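Asks: Protein chains in written order, with numbering that gives the first Met the number 0: chain V, 0 to 274; chain Z, 0 to 346; chain Y, 0 to 264.
Since the hints were derived computationally from the structure, they do not count as laboratory data. Among these hints, one or two may not hold up.
[Stated by the list, open to error] Partner residues are not named here, just some residues of chain Z that face chain Y (Cβ under 7 Å, in silico):
no., residue
1, E49
2, N51
3, G218
4, N240
[Claimed, not checked] A few chain V positions that, by computed beta-carbon distances, are all more than 10 Å from chain Z:
no., residue
5, F22
6, M41
7, E42
8, N51
9, K85
10, F130
11, L228
Just so you know, these numbers come straight off a predicted model, no measurement behind them. A virtual CB, placed ideally from N, CA and C, is assigned to each residue, including glycine.
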Amino acid sequence: MKMKIFSYPYIVWLAIFIVVPLFLVLFYAVTVVEGGSLKFTMENLKRFLDKNYLDVLWVSIKLALETTVITLILGYPVGMIIAKEKPSKRNTMILLFVIPMWMNFLLRTYAWLTLLGKNGIVNSIVTLLGFKPLNLLYNDGAVLLGMVYNFLPFMVLPIYSVLVKIDNNLIEAAEDLGANKYQIFAKVTFPLSIPGIITGITMVFMPAVSTFVISRLLGGGQYMLIGNLIEQQFLWVGDWHFGSAISIIMMIFILITMAITSKFDVQKEGSSGLW
Amino acid sequence: MRKIKALVLIAIVASIAFSLVGCGEDKPVLNVYNWGDYIDPEVIEQFEEEYNVKVNYDTFATNEDMYVTIAKGGTSYDVAFPSDYMIERMIAEGLLEKINKDNIPNMKYIDEEFLDLDFDQNNEYSVPYMWGTVGILYNKKYVKENVDSWDILWNDEYKGQILMLDSQRDSIGVALKKLGYSLNTRNLDELEKAKEELIKQKPLVYAYVGDEVKELMVGEEAALAVVWSGDAVAMIRENENLAYAIPKEGTNIWFDNMVIPKNAQNKELAEEFINFMNRPEIAAKNAEYIGYSTPNTAARELLPDELKNSHVGYPSKEEIENTEIFLDLKDALTLYDKIWLEIKSHR
Amino acid sequence: MVKRVLKKLYIFLMFLFLYAPIIVLIVFSFNDSRSRGTWKGFTLKWYAELFTNSEILSALYYTILIAILASVISTIVGTFAAIGIHGMSGYKKKAVLNLNYLPVLNPDIVTAVSLMTLFKFFRLEFGFVTLLLSHITFCIPYVILSVLPKLRQMNKHLPEAAMDLGATPFYALRKVVIPEIKPGIVSGALIAFTLSIDDFVISFFNKGVGVTNLSITIYSMARRGINPVINALSALMFVSLLILLLIINKRDQKNLNPKKKGEAI
Numbered sequence: 000m001k002m003k004i005f006s007y008p009y010i011v012w013l014a015i016f017i018v019v020p021l022f023l024v025l026f027y028a029v030t031v032v033e034g035g036s037l038k039f040t041m042e043n044l045k046r047f048l049d050k051n052y053l054d055v056l057w058v059s060i061k062l063a064l065e066t067t068v069i070t071l072i073l074g075y076p077v078g079m080i081i082a083k084e085k086p087s088k089r090n091t092m093i094l095l096f097v098i099p100m101w102m103n104f105l106l107r108t109y110a111w112l113t114l115l116g117k118n119g120i121v122n123s124i125v126t127l128l129g130f131k132p133l134n135l136l137y138n139d140g141a142v143l144l145g146m147v148y149n150f151l152p153f154m155v156l157p158i159y160s161v162l163v164k165i166d167n168n169l170i171e172a173a174e175d176l177g178a179n180k181y182q183i184f185a186k187v188t189f190p191l192s193i194p195g196i197i198t199g200i201t202m203v204f205m206p207a208v209s210t211f212v213i214s215r216l217l218g219g220g221q222y223m224l225i226g227n228l229i230e231q232q233f234l235w236v237g238d239w240h241f242g243s244a245i246s247i248i249m250m251i252f253i254l255i256t257m258a259i260t261s262k263f264d265v266q267k268e269g270s271s272g273l274w
Numbered sequence: 000m001r002k003i004k005a006l007v008l009i010a011i012v013a014s015i016a017f018s019l020v021g022c023g024e025d026k027p028v029l030n031v032y033n034w035g036d037y038i039d040p041e042v043i044e045q046f047e048e049e050y051n052v053k054v055n056y057d058t059f060a061t062n063e064d065m066y067v068t069i070a071k072g073g074t075s076y077d078v079a080f081p082s083d084y085m086i087e088r089m090i091a092e093g094l095l096e097k098i099n100k101d102n103i104p105n106m107k108y109i110d111e112e113f114l115d116l117d118f119d120q121n122n123e124y125s126v127p128y129m130w131g132t133v134g135i136l137y138n139k140k141y142v143k144e145n146v147d148s149w150d151i152l153w154n155d156e157y158k159g160q161i162l163m164l165d166s167q168r169d170s171i172g173v174a175l176k177k178l179g180y181s182l183n184t185r186n187l188d189e190l191e192k193a194k195e196e197l198i199k200q201k202p203l204v205y206a207y208v209g210d211e212v213k214e215l216m217v218g219e220e221a222a223l224a225v226v227w228s229g230d231a232v233a234m235i236r237e238n239e240n241l242a243y244a245i246p247k248e249g250t251n252i253w254f255d256n257m258v259i260p261k262n263a264q265n266k267e268l269a270e271e272f273i274n275f276m277n278r279p280e281i282a283a284k285n286a287e288y289i290g291y292s293t294p295n296t297a298a299r300e301l302l303p304d305e306l307k308n309s310h311v312g313y314p315s316k317e318e319i320e321n322t323e324i325f326l327d328l329k330d331a332l333t334l335y336d337k338i339w340l341e342i343k344s345h346r
Numbered sequence: 000m001v002k003r004v005l006k007k008l009y010i011f012l013m014f015l016f017l018y019a020p021i022i023v024l025i026v027f028s029f030n031d032s033r034s035r036g037t038w039k040g041f042t043l044k045w046y047a048e049l050f051t052n053s054e055i056l057s058a059l060y061y062t063i064l065i066a067i068l069a070s071v072i073s074t075i076v077g078t079f080a081a082i083g084i085h086g087m088s089g090y091k092k093k094a095v096l097n098l099n100y101l102p103v104l105n106p107d108i109v110t111a112v113s114l115m116t117l118f119k120f121f122r123l124e125f126g127f128v129t130l131l132l133s134h135i136t137f138c139i140p141y142v143i144l145s146v147l148p149k150l151r152q153m154n155k156h157l158p159e160a161a162m163d164l165g166a167t168p169f170y171a172l173r174k175v176v177i178p179e180i181k182p183g184i185v186s187g188a189l190i191a192f193t194l195s196i197d198d199f200v201i202s203f204f205n206k207g208v209g210v211t212n213l214s215i216t217i218y219s220m221a222r223r224g225i226n227p228v229i230n231a232l233s234a235l236m237f238v239s240l241l242i243l244l245l246i247i248n249k250r251d252q253k254n255l256n257p258k259k260k261g262e263a264i
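Start from the sequences and build out the full structure, keeping to the hints where you can.
Replies: Written out as structure tokens, the structure reads:
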């Protein structure tokens with residue numbers, strides 16, 4: 000069909016703004032400055048195979064996985080509930096859901112400090128009710144909360160937009176054939192929403208692996224994540240070569256993880272995601 | 000629907016913008032690059048009016064960010080405000096213009112103690128703007144003893160009540176000073192010992208923080224914190240229970256100076272600006288707004304008593320005897336980075 | 000009935016979770032203290048200061064301008080790209096898709112630095128244009144990500160049927176395909192706008208003198224502490240967005256729920 004010509008302008012854009020920079024990163028990753036000139040080497044990549052660095056990668060991926068799972072569990076019902084409202088109401092609701100994200104991210108994260116602190120707002124309520132103050136900040140829970148908070152709309156939006164257009168006739172047909180509410184969900188709604196879920200997972204997991212500001216602010220700097228590591232290399236140490244090498248390694252790991260996820264994509268008609 | 004929303008927004012914003020930008024773009028332009036919120040906005044306005052120029056004011060968050068922006072080329076800032084070690088690096092890499100001191104007569108107001116320092120001998124490239132120290136901020140309600148040594152941050156009694164800075168050089172520097180070493184050391188042995196100290200301290204630390212330290216200490220969420228003197232002044236203002244001390248083992252003394260980057264387009268105007276900033280009234284205005292310490296003695300005289308007599312902002316010569324300025328670590332950066340990683344990822 | 004209440008409660012809790020920090024922000028914009036650690040009394044001084052602070056207003060202007068331009072352009076390009084990609088198959092499709100996801104995958108600093116190196120390589124002067132180009136670069140993949148699932152969901156025979164009935168491909172596109180995938184386009188545009196408004200690292204390294212955005216202004220205050228004027232600005236932005244939303248909602252209610260007699264919905 001003639002449809003694919005529509006993609007040509009973008010492919011040109013891709014080539015310039017994504018592929019070329021990618022090659023630049025690759026170039027940095029496999030070179031090293033020796034005696035004033037560049038030399039090709041695998042040294043940068045090998046440097047990463049140190050227990051400390053691998054630990055950092057593992058912690059980052061683990062946190063991203065936890066965040067993705069929780070946003071999926073919390074976000075799917077939200078998408079479903081909003082999708083079932085009448086059109087004007089659900090448009091408003093979904094916009095209301097997204098608007099908080101337009102407030103600056105740093106400010107919102109700082110606001111969590113005020114909420115979760117020992118003398119913070121939540122604890123003020125807790126002590127008013129007569130309980131002992133809770134330790135809500137600078138621990139794993141706080142970081143996870145901050146991550147979920149940040150990424151929830153990115154999970155809800157794609158799921159919602161797919162659920163909204165599920166053909167009602169399919170649901171009615173299933174009802175006519177005697178299915179109860181749970182069977183309809185399991186056999187009709189959920190499978191049809193999988194493209195949205197995969198998009199949601201993509202939009203949450205991948206950026207989550209490289210996010211580190213949240214863990215720095217809400218985790219009290221006790222975490223060293225891969226995003227942190229990369230930024231330190233580029234900005235603090237000034238070693239763009241090692242920084243690029245770490246980025247390449249991280250990219251590979253994530254692509255592998257995403258490949259595994261898309262195996263769950265039941266619809267075989269071509270891909271909407273990776274691989 | 001979306002289009003209308005967008006159009007309305009554009010209309011509103013455009014009208015605000017036009018009332019700001021104004022016409023008359025044929026005025027000379029000065030491009031300034033400074034830390035965020037590090038100048039009294041009225042000072043810029045005054046400069047613009049007096050010299051009939053337009054000032055483009057851009058901000059950065061860290062020295063390293065500023066360095067990348069200037070080093071990458073393709074931009075032309077006339078005045079920038081880096082810190083000591085960064086100035087040393089920029090001079091070594093040929094990124095700065097020499098300053099013609101004849102054009103900056105107001106430099107005479109600057110305290111000699113703060114001129115001709117290691118990172119820029121003879122002040123060929125930079126003019127001091129603000130300075131300060133690093134010290135211990137403590138809450139007198141929770142800390143009854145005398146605070147005069149870094150050791151107190153390793154005291155079990157304050158477990159979970161200690162805040163450290165989430166900054167490699169500052170935190171490693173504290174440990175180095177505690178052990179009696181230089182905070183510019185490249186000695187692997189000394190650094191390993193500092194690392195051990197910091198790892199020992201980890202269970203006692205509530206968090207490694209950035210500027211949130213202000214909110215936390217003012218809100219009394221911790222008893223002790225490592226802070227910069229300028230921030231201490233601001234915090235004590237908000238909460239009288241707080242006090243600041245410079246440990247006897249010594250600490251870091253830091254300087255933010257004004258420089259002229261190599262690709263500046265308007266060098267003369269830049270020097271006018273630097274001279275203007277050193278007028279006693281102007282320097283005093285900035286010092287009062289920011290709360291940090293000015294190296295300009297005439298300006299210090301003009302400050303309100305509570306600021307100029309504060310030993311926090313203006314410690315005595317004895318108090319700053321053991322202080323060191325950060326030097327550019329150059330290739331030792333990788334070493335410090337590795338040490339910091341090991342400290343942070345220790346679980 | 001219990002189910003209805005549970006659903007309402009759940010949604011309420013989710014919204015509370017989302018809005019709690021915003022409420023804190025707004026409340027503290029009236030705090031007569033620079034620190035968020037204490038409450039020192041009610042004041043409007045930060046709001047007054049806001050309107051005389053040309054640095055912040057200029058940042059606001061550029062932030063919104065770039066966000067609108069970037070999201071509009073990336074939505075248009077991204078939608079067409081998605082339609083095109085949907086029509087592709089095989090290894091070419093996989094390659095294009097995987098490359099497309101790189102800006103999503105990479106940490107901001109890598110995208111920022113690689114774009115910066117690219118611009119440097121072509122000896123471009125950094126300024127408004129480089130800033131806009133970098134924003135568009137990281138927005139388009141998200142648009143494509145949002146639109147593709149809708150394309151997959153769409154019955155592929157629909158456009159064919161339209162063309163069989165005599166529509167030109169372009170007409171089929173306009174009147175059949177686009178309405179089908181509209182929720183995906185809208186959510187893609189929303190995500191693009193959200194990302195652009197909040198971006199710091201990529202903007203910081205790819206902008207020029209005199210052009211700045213709110214994120215950069217805010218992050219630059221990290222060393223000194225955030226000036227509460229920013230809180231005032233955020234509160235105002237939020238309230239104006241809410242009002243805008245309510246106005247649009249009222250309009251939509253009339254459009255989407257017509258009460259005319261004899262009208263089939």
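Asks: Of the numbered hints stated earlier in the document, which are not met by this structure?
Replies: As far as the earlier hints go, 1, 2, 4, 8 and 11 are violated by this structure, in ascending order.
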